[in-house]
Structure formats: C-alpha cells, structure tokens
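Engineer: So the chains spell out like this:
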Amino acid sequence: MPLLMPVLLAGLLFCIGVYGVLARRNAILVLMSVELMLNAVNINLVAFDVWLRDELLAGQVFTLFVITIAAAEVGLGLAIVLLVFRNRATSSLDEMTELREDAA
Amino acid sequence: MSSTATVLAAATDTGTGEAVTFWVLGPLAVLAALGMLASKKAVHSALLLALTMLSLAVLYLAQDAPFLGVVQVVVYTGAVMMLFLFVLMLVGVDSADSLVETLRGQRVAAVLGAVGFGALLVFALGDAVVTNEGLDQANSEGNVEGLANLIFARYVFAFEVTSALLITAAIGAMVLAHRERHLPKITQRDLSVQRFRGGQYPAPLPSPGVYARHNAVDTPALLPDGTPADASVSRVLAARGDVRSIPEQASTTAIERAAPRREDDGS
Amino acid sequence: MNTGLTLAAEFETPSVEYRLLAPMLIVFGVAVAGVLLEAFMPRPFRHETQLGLAVAGLLAAFASVVMLAGDYSVAASGSVAVDGPALFLQGAILLMAIPGVLATAERKVDVGGVFAPAGSSTPGSPAERLLVAEKITQTEVFPLLMFAIGGMLLFPASNDLLTMFVALEVLSLPLYLLCGLARRRRLLSQEASLKYFLLGAYSSAFFLYGVALLYGYAGTVRLSGIAEAVSSEAGNETLLLTGTALLTVGLLFKVGAAPFHSWTPDVYQGAPTPITGFMAACTKVAAFGALLRVLYVGVGGLAWEWEPVIWGIAILTMGVGSVLALTQTDIKRMLAYSSIAHAGFILTGLVGTDAVGADGELLGVSSVLFYLVTYGFSTIGAFAVVTLVRDAAGEATHLSQWAGLARRSPVIAVVFTFFLAAFAGIPLTSGFTAKFAVFSAAWAGDARVLVIIGVIMSAVAAFFYFRVIVLMFFSAPAPDGPSVVVPSPLTTVAIAIGAAVTLLLGVFPTYVLELAGLASQFVR
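Residue numbers (this note's numbering), protein chains in the order written: chain A, 1 to 104; chain B, 1001 to 1267; chain C, 2001 to 2524.
Derived by calculation from the structure, the hints in this document are not laboratory data. Note that the Cβ used here is the ideal one computed from N, Cα and C, for glycine as well. Hints should not be assumed to be uniformly reliable.
[As the list claims (entries may be wrong)] Some, not all, of what chain B presents toward chain A, calculated at C-beta under 8 Å:
1. Phe-1022
2. Phe-1084
3. Val-1087
4. Leu-1090
5. Gly-1118
6. Val-1144
7. Gly-1146
8. Phe-1152
9. Ala-1153
10. Ala-1158
11. Leu-1176
12. Pro-1184
[As the list claims (entries may be wrong)] Beyond 12 Å from chain B on every Cβ pair, some chain C residues (computed):
13. Val-2032
14. Asp-2110
15. Met-2146
16. Phe-2147
17. Leu-2239
18. Leu-2428
19. Ile-2456
20. Ile-2469
21. Val-2523
Throw the hints in and build the complete structure from the sequences for me.
Structural biologist: This is the structure:
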C-alpha cells in the first residue's frame, strides 16, 4: 500500500479538525475537533513508523504518549468547560466576550 | 500477548488485505469526521467522532500495531469520548450549535487550504510504499515488549514526567469541581429538632383550595368555620398579590354551585 | 511466559543520571510533596508551609544548577541536554520563579489572597461568603506552580521532540488552571482560562503534526538525528520544511509572536495578576529556550530557509505589539501587547545565526539568553506593582484610574516608571543593554534592515510607555480614584528583586553578558 494513503487520510482529518475548531461555536465541540487533530497526528506517526520499518517503534511510542497526554488534557479541559458553564449557563464561545479589545 | 501479535500479523500480512481494510475504513473515518463537523446536535457529533476513532483503532490493528489499537479503543473511545458524552449530558443534550459561517468565505478558504495541503503531501511522498516486512522483525519479540523496551529505557524520563501531567490533571479537576465541607453535616435529627424548636407549624401545610371553588394553587383552602387558611397558599403567590380574595371566592362559589343544579333540574 | 522471562534478562536498565537531572527532580519532588501536604497538613498551617517548601525547593534546584555549570553532556539516554543554554535558562527560570511565587502568595493586599477561596464555589454564593469569612484559601496553587516550573525547566533542555512535547504539556496544564482561579472578576478569569486552554490545545496539535512530519523525514525524533538527516540531505525535503513550519507555529504560539498572539491580551488581562507576571516571564523564557534549541540544534542546517521567515515574524510581532499597545486602555492589556512587542525584539536576536563574538560565542544565542533574563525580572516586578493599585472592586486596571498616581504614592509611581523605562530601553536600565545586545547580534548577522525596523519600533513602543508615565505624574488624580495598598513583605520583596535586577543589569551588565556568552554552545 502506498504511504501516501494513510498520510493523506491524516492530512484530511487534520484539516477537518482545524476547520472544526474555527467553525464550531460550542467549546465542547471545539475540544472534540482538537481531539480529531490529535488522532490525525497519530495516524501519521503510525504510518511513518510502519513505513520506516522503525525497529525502535519510536512512532508507536510517541502515539502512546500522545494518547495519554490527550486524555489528561481532555480531563482538565472539560473541567474548565463545566466550571464556566456553572457560572454562565452556556458553553458557547460566542458569548465569551468579556475579554476583548475596547470599542473606545 | 506476543501470540496475539503474531496472529494479527499473519492475518494482515498480505498487502492486499491491508489495502482493503484501509479503503473500507479510511473513507468511513473521513465521512464520520465530516459528519461530526456538520451535525447540529452535539451528541451526534460525539458519537460520530467515536466512530472515527474506532475505525482508526482497526487501522492500527491492521498496520501491525495491536497494542495501539487496543489503547485507542480503551482510552479514546472508552474513556475520552465517554467523558465528552457525560459533559454534554451535564451541559444539556439539546445544546445545538449554529452552523452559520462566522467569517465570510470560510468554507471556500478551508477547502482550498485542504486541497493545497493534500497536493503538497502528494508531491512530497510520491510513490513510497508501505510494507510490513521490517515491522515483523521489530515486532518479533512482540509488539508490547518492543514498546515497553523503548518506554522504560530510552524514554523513561519522559514517561516519569508524564506522571506529573496526570497528577496535575487530577488535582486540576479536583480543584475545579470538588467542594470541601467546611460546616458540620446537618443530620435528620438536627433537622427535626430545628423544626420543633422553631415554634413553627410542624405538620405539613394544608393544601390549597380544598373547600373552595378551585383546587388551584392560588385559592386558599377554607377552614371549617369558613375563614381562609393563609398557610395553604404559597408565600410567593401571596407576595405577588395573585391570591384570590375570599369574599369574592365565597360568593362566586355559591352562585356557581347553584347554577348547574338548576340545569340538572331542567333536563 | 518464557519470552517474558528472557526479555526481562535482556532488558538493559536505563542509566538515569540523577545528578544531571537534579534541578528538575527537586522541583517535581517538591511539587509531589506539596500535594501530599495538601492531604495531611491541617489547614491553618498549609499556606506558610507550602510557601516555605516551594521557595526552599527553588533555591535548592538553583544551587544544583550552579553546581552543574560547565559540566555539559546529555542525560536520561539522550533525551535531556544539559548544556549552556539549558542550564542558563533553568537558572533564570528558577530565580524568576522565586519573586513569582512570593507575589502569588501575597495575602495582605486582598484579604485571603489573589485566588478564589475555592475553585468550585460560585462567586457571591452563600458557600463562598462562608469560605471568605473563615479565611479559607486554595493552597493547591503551590504544587501546581511547582509542576509548571518543572515543565519549564525541562522544556528548553529537552533533546528530543517527545520529551519536548511532554514538557510543553506539563508546563501548560497547570497554567491553564491557575488562570481561572482569580478571586476578583471570576467570570473574566474563567473565560481567560477557557480561551487559553482551547487555543493552547489547538497549537499543541500543530506542534504534534510538525513532529509527526519530522519523524517521517528523519526516522527519529531526536534533535541530533534530525540534524544529521538535514546535513546528509537524505530524505524528503517537503516533509522537513512542512514539519519544521508546523513545529515552529506551536512554539511561536507559546512565545506569543504574531500572528499567533491573539490569546495573549485576553489571557494576561483575565488571569490573576501575579500569575500573569509569572506566566509572562517564565513561559516566555522556557518557550524561547525550546525555540532556540529546535532552530539551532535540530534544523540549524536549514538556517537559510528559516531565517527569512523568522525575519518576517519578528517584524510583524514588533509592529503588532507596539502599534496595538497604543490603543489600549487597560494596563494589563497594555503590558500584554508590550510582551508581544518584546517577543519580536527577542526574535530579532535569534536571526543573528552566524554572528560569532570575540571568544567564539554565538551572539544570536547569548543575546537572546540575556534579553530573556532582563525582560523576565522587569515583567514580574511590573505586574506585582499592578496588584497594588486598587479600589473597592479589586485592582484598578483602567488607565484613566492611574492618572495622578504619583501624588498618591510617589514610591510606587517611581518604581513603575523605572520598569516602564526598562521596557522602553532607556539607558541605565537592563532593557537598554538587552536591546543593544539583540540588535548588535542581528547587525553582526547581516540583518541590518531588521535592526533599523527594530529601532523604529522601539521608538513607537517607548511612546506608549511614556504616555503612562506622563499620566501618572502630570495628570490630576480623579477624586474617587484608586488607592495604593501597602503590601506584605512578600510582594515588596518580589518588586524589590525585580527592580534590583533591572538596575544591576542596566549598570553592570558585563558579568551576566559574559555568562550568557559562555553558555551559548549547545551539546548535540
């Protein structure tokens, strides 16, 4: 199988994730898009690992670290989202406008 | 574990098998990701993302990375996505998201960007081919053992530092969500003592409207001597001035009670 | 089962050089001890114990950095580099963290401290009023700060991209959290935390994609391995360039360079002010350290390719920071834009790759190291001063409230003026020597146009610092204006350290400049 295929798949998923972060307004969905981007990275790492016939399996180890760290990150991130939600009753980023450039 | 690895390796040794798996799962992953992007309901998005992650897990299995495939299922689909779903339920399942473009021409720019990036990759990688041969050698001691050798030797420091990250995440979630008790807990006994010591009406309050025209909440009940029982109406309604007055109440009830009886007589 | 046994015999126990890793191990150890203290220490003693432990840990870690000086090698199977830039920056981070932690621990200026009594309580709720009345504070911030500092120590020292990524996350996660815990203006603070988290996670995804492509290019994530692949011109150049670009995006985000700066003003404004100061100083030091290592060690062979890009980014960053700072009306936002402008000045020094000094030191590296030290101490001091100007609602951060501050408190006005003069680069402050160092490195590196633009931008930037100075000294104070609170020794010491270093490095910069010069060589 050509290396191009998984790498293209990763690129496509990464682009979808990038677009999702920019387009979605709900903080939780933005976070999900970031997760999609990380998954795309993982496909790349595994594909290169296989392609390089890396006897060290460095790509796979890296993927393992990415998965672990992403899980920790999501845990904290969702806690922050919930904290904001408890005080504002919304998780929409469009309503987070208290910090912005002054109109004046 | 190593036997599983060899079985899986044998199953996917042929390039064609792997290609078929890829061509089935790759488009599925992309479609699910696009669905995640497009669906209005947050829960649908979460489930579609879980589908993407599952197909990636199978892809890893097919690419001779069995441990990663399992971790992907357990950690990503099992833990992370379920956490997402839990939070979505807490925040409100119906939290819909508008898909209106916030920046004009966003989608066109996004498609152009993606195509450009894809073209770059095509140009970069040309016709490099993936085979599993070398990996069989790397996996010869078993995939898990191979990974363990690397994690606990070469990357042992990064591995240990990751634990700092996990501690941070745990403390963080606790700081943000845990409420420590700073007052003694109020027990059932304390509550009932409080209730009788307070000198208030200890029994349940009378329900509204029992002897009046309505059993609606805004009508006070009438005591046997015909006076209204103020305690039977919610204090909120009384404060708002929404309680029906008793004289008006008494007279209308009398007339209306009489009226249907007359109709009954006529028929 | 048999295979498992034989493998156990084959497995080589990794050699961990505890001595070389001591600074990081001490800081992480203190952090873990802090977590345990939270569990077992009675509440009334926690604050003082945590503070003492944290400061003692930072001093011990600094002592171990000093003992390692001159002893350069790689540690932990090559994943951590212990070399000049790493040790210099680790020392700088540890020394800056001391005033940072002291200012964070202040409890006199705002009764109960800068942090919410409990992260989970709702502002204004009965539960929170109870906590305030009982003077309960959140002491978990100390272990969290120590974890962040540990990550910062590892970030500029990591010799492979995996360790670098782990360090990036270790330093970021506690900061995301600490941003959201302000006692006053809690909604603002939580909003800052959410924005910082989402954008931080977004940028680390770019960083990772870059790592993946570089792995595909070189077949390894070691910086030395990537450097070898670059010099042998093996492998796929497109992967290399795309990977480097994406990796740099992730690092430039942490640095706060334009066009990846959009989080900086919001987060700096919303976060608790002492945390803002700590973040502005230490994160910048750590992130620039990592950027230096990636660009000089990893893809140093590509300098021809990345220099023009960094050129452009430096100009854009200086421009965005200096020009937008002019329009700000909030003092914390203004300092945030000023920090963006300073990132631009530091990037200017980075461009001088081929500038070599008289003793063979890399001027590009040494000038950046020196600039980071001077900027960090001035920033921590300046943000600590901001915490002192208050009215009934908390800190008075609107610029109009600072009018006539000199009449209310001449000392504070003079100290703040001194910090602003350092940011503007006035002679006899550290800012001047630092700007001189980076500009002369860039000049020696034949980036003369960049130097001229940099000088013009410093003039623009000086304008908005002087606007604040004029406002403080020559405007009439508003009748209901804010008052200046007399802080406890904690903040006083933090401000004094900041001011003393700013003065010393302005008047006698030679020693630290020489040290930075000696520390400018990387191990590979």
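Engineer: Each of the hints needs a verdict: does it hold here or not?
Structural biologist: Checked hints:
{"no.": "1", "hint": "Phe-1022", "result": "holds (6 Å)"}
{"no.": "2", "hint": "Phe-1084", "result": "holds (6 Å)"}
{"no.": "3", "hint": "Val-1087", "result": "holds (5 Å)"}
{"no.": "4", "hint": "Leu-1090", "result": "holds (7 Å)"}
{"no.": "5", "hint": "Gly-1118", "result": "holds (6 Å)"}
{"no.": "6", "hint": "Val-1144", "result": "violated (10 Å)"}
{"no.": "7", "hint": "Gly-1146", "result": "holds (5 Å)"}
{"no.": "8", "hint": "Phe-1152", "result": "violated (10 Å)"}
{"no.": "9", "hint": "Ala-1153", "result": "violated (10 Å)"}
{"no.": "10", "hint": "Ala-1158", "result": "holds (7 Å)"}
{"no.": "11", "hint": "Leu-1176", "result": "holds (4 Å)"}
{"no.": "12", "hint": "Pro-1184", "result": "violated (25 Å)"}
{"no.": "13", "hint": "Val-2032", "result": "violated (7 Å)"}
{"no.": "14", "hint": "Asp-2110", "result": "holds (19 Å)"}
{"no.": "15", "hint": "Met-2146", "result": "violated (9 Å)"}
{"no.": "16", "hint": "Phe-2147", "result": "violated (5 Å)"}
{"no.": "17", "hint": "Leu-2239", "result": "violated (5 Å)"}
{"no.": "18", "hint": "Leu-2428", "result": "holds (42 Å)"}
{"no.": "19", "hint": "Ile-2456", "result": "holds (32 Å)"}
{"no.": "20", "hint": "Ile-2469", "result": "holds (39 Å)"}
{"no.": "21", "hint": "Val-2523", "result": "holds (16 Å)"}
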